[in-house]
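Asker: All chains should be built: construct the whole structure from the sequences, respecting the hints.
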Amino acid sequence: MNLYEHTIIARQDTSPSEIKLLTEKYSKIVEKNEGEIVKTENWGLLNLSYLIKKNRKGSYIHFKIKGNGNMINELEKNEAIDKKLLRYLTIKVKEFDLNSNYFSKKEDTEKADNKKS
-3 MNLYEHTIIA RQDTSPSEIK LLTEKYSKIV EKNEGEIVKT ENWGLLNLSY
47 LIKKNRKGSY IHFKIKGNGN MINELEKNEA IDKKLLRYLT IKVKEFDLNS
97 NYFSKKEDTE KADNKKS
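Per my numbering, residue -3 is the first one in the sequence shown, and the count goes up by one each step.
Calculated directly from the structure, the hints in this document are not laboratory data. Hints are supplied without guarantee of correctness; some may be wrong.
[Claimed, not checked] Calculated pairs, SDA-like style, for lysine to any residue (alpha carbon to alpha carbon, straight line, at most 25 Å):
| hint | residue 1 | residue 2 |
| --- | --- | --- |
| 1 | Lys21 | Val89 |
| 2 | Lys62 | Ile87 |
| 3 | Lys73 | Lys88 |
| 4 | Lys73 | Leu(-1) |
| 5 | Lys60 | Leu(-1) |
| 6 | Lys53 | Leu85 |
Since this is a predicted model, take the numbers as computed values, not measurements.
Answerer: Pasting the structure below:
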């Protein structure tokens, strides 16, 4: 089994309930094609570096997936025709970093650090 990090960017006008539906939809596609979702992160609404289809912001969803190449092909084929998505990216990795949360708010990070002390 290969390890992949997969990120999708949804349109800025996508509601939180639609984001949840998108997450469930793509999780089911992964599971249907013999893959496994290890972790899902909702990074929230972030600024884009440049305009994409007249959008300045996008809602980011990040998946850590175990699976094979056929599963990734099926996933990307479905994402290519989804009008709610602006972009998607899949990267093959050697191991997952399950401890770091790169897009958490500073207050959350500080609380976690204070609990460790």
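Asker: With reference to the structure, classify each hint as holding or not holding.
Answerer: Against the structure, the hints come out as follows:
no., hint, in the structure
1, Lys21 x Val89, "holds (23 Å)"
2, Lys62 x Ile87, "holds (12 Å)"
3, Lys73 x Lys88, "holds (17 Å)"
4, Lys73 x Leu(-1), "holds (19 Å)"
5, Lys60 x Leu(-1), "holds (7 Å)"
6, Lys53 x Leu85, "holds (17 Å)"
Violated hints are absent here; each numbered hint is respected by the structure.
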